[in-house]
Amino acid sequence: MTDAVAFDHVSRHFGSIRAVDDVSISIAEGSFFAMLGPSGSGKTTCLRLISGFERPTSGRVLIFGEDSGAVPPNRRPVNTVFQDYALFPHLDVRDNVAYGLMVRGEEKARRHAAAEEMLSLVKLDAFGDRKPGQLSGGQRQRVALARALVNRPKVLLLDEPLGALDLKLREAMQDELKALQRSLGITFVFVTHDQGEALSMADRVAVFNEGRIVQVGTPEEIYQRPRTRFVADFVGSANVLSPDICVRAGAGSGWASLRAEAVRLVPPGEGVVQGTVASRRYLGAVSRVHVDIGDAVIAADLAAGTPLPEPGATVGLTWDATALHRMEEA
Amino acid sequence: MHSDRAPLGLKIAAFAGLAFLHLPILLIFAYAFTTEERTYQWPLPGLTLKWFAVTWNRPDVWQALGLSVRVAAISTILALILGTLCAAAVSRARFFGREAVSLLVILPIALPGIITGIALRSAFNIADIPFSTLTIVLGHATFCIVVVYNNAVARFRRLSRSMLEASADLGANGFQTFRHIVLPNIGTSLLAGGMLAFALSFDEVIVTTFTAGQQQTLPIWMLEELVRPRQRPVTNVVAMVVVLVTFLPILGAYYLTRGGSETAGGGK
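Those protein sequence lines, which keep their order, are chains H and G.
Be aware that the first sequence starts at 1, since it is given in full-length UniProt numbering, and climbs by one per residue.
Be aware that the second sequence starts at 1, since it is given in full-length UniProt numbering, and climbs by one per residue.
Note that these hints are calculated values from the structure, not bench results.
Nothing here was measured: the structure is a model prediction, and the numbers come from that model.
No residue lacks a Cβ here, since even glycine has one placed at the ideal position from N, Cα and C.
Check the hints yourself; a few may be wrong.
As the list claims (entries may be wrong) - Reference listing, derived: stretches of chain G covered by chain H, where coverage requires no fewer than 3 residues with Cβ under 8 Å from a Cβ of chain H:
#1 36-42
#2 171-184
To be verified - Cβ-Cβ distance ranges computed for the label pairs, FRET-style:
#3 G:Val101 - H:Ala113: 46 to 54 Å
#4 H:Pro72 - G:Val101: 26 to 34 Å
#5 G:Arg94 - H:Glu171: 34 to 42 Å
Said to hold, decoys possible - Far from chain H by the CB rule (all over 12 Å, computed), these chain G residues:
#6 Lys50
#7 Ser167
#8 Ala168
#9 Thr246
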């Protein structure tokens, strides 16, 4: 099967800045693909390489097997949901959604019918006559989504689609986007700096750092087996153990990651390492305890109901040897 | 106790200021109806409407009016095209000398008209260009472009880049994006800029005196007419027309840009 999008050793340099540096990825048709990374890591530039607003300095971007090299943005079978939605303020919602069909020369009745259909898909049936300025943030985002989908793109690109929404709305939209992607079967590629969003929505995640891809994998792989310290740090809630600590814990040398929920507290003197409780935080389903072991702090997530040690108490820490994940690179 | 009403003294001063500014204009209007044709006599010796008929039948008035309208219209159209393109370039693209260009475009309006006039006249002489309607248009276009540019550049800056990208992303080519997205968003500012440019060109004297040959625009015609003691009130009738023709577009421009505080495409 052809990939929906493939990067073949793609670089994009701005002067001396390597925004994207020798990136190769393949995004399978019909998948929900996340590009995850801190700001300035090159993920948005990669998205713009697919939409055509950036051209690669070297390498090829293939869309359904075809080199998109010189194809301008308006002739690519992809559409974008912009971060600021970029709705047209002088057009009403219906004409915003129908815009893609209008510039393609579709007649008015047909394109308005198609726009209404898209609006009902995103649950905005009654909003066709409003101007974008009269909508809430969540509604604008839905209009942007409907507008991008009306052209029946082969790939939908989403640039930080949920960034401007408040927490509750964001969670609801995550489920909706996921459901929409499944029912339409279109390949979704989205960019985010929120690891929770990437892990919960995507089938596959590419983690970016400094213009390069550090790791590509399923959310489980990224979460359970981070390849590098950067991934472990960025995806979060994993302890990164230095070679020193690994040796002390009798786990050989080299860097390793350890999920906080795999760490158990035992009486002082027992367990793999010893330390004093530095802080504790109640998080609902779990409580997170930070234990200072001298040259590092290890986080342990304790299930609700477990008795919590007082800060300053001496404790032992232990974990199953299988919970320790050896990382390939420092 | 404090009151929102201004003190009486201030009111009188304000009215006196306004009267000082505008009563002389009324005086001009009044002389259009006088019966005395050689000197401006106050109070008016008598009232008549005959000067309107006389003006109507003077071919030189029609000639000057025609030239003025033609010059103003062509300069405005020229300014609209060049000013808009320049504003688009300065606000949307990054290139070497961008800051310098935006300053240089505004310069003609800061420069005294007499300098612009002399400069253009010598340039036309050197280039051996005969004085004609075209040279007047070129002279007027220098300051008309500024007005259009200033109006357009402010609106262009508020047009978000992602909106233009969204249009391209949805399949529009450059022309379609301009037609359906850019134009509706900068339209009122262009109309306002165009009206101001027209009004400026219509009553311009200084640059015109240097760039016109034997031709007379309406303001130049008035200047010449004033020194001749023949049918003086005709000048006043023409003055009324000039005031109306320039005042209406400026009023229109004011109303069009007044509501311009709403941001295009910033919507969050």
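Status of each hint after checking the structure:
no. : hint                            : verdict
1   : 36-42                           : violated (count 0)
2   : 171-184                         : holds (count 7)
3   : G:Val101 - H:Ala113: 46 to 54 Å : holds (47 Å)
4   : H:Pro72 - G:Val101: 26 to 34 Å  : holds (27 Å)
5   : G:Arg94 - H:Glu171: 34 to 42 Å  : holds (40 Å)
6   : Lys50                           : holds (52 Å)
7   : Ser167                          : violated (7 Å)
8   : Ala168                          : violated (5 Å)
9   : Thr246                          : holds (30 Å)
Hint compliance for this structure: hints 1, 7 and 8 are not met, and every other hint is.
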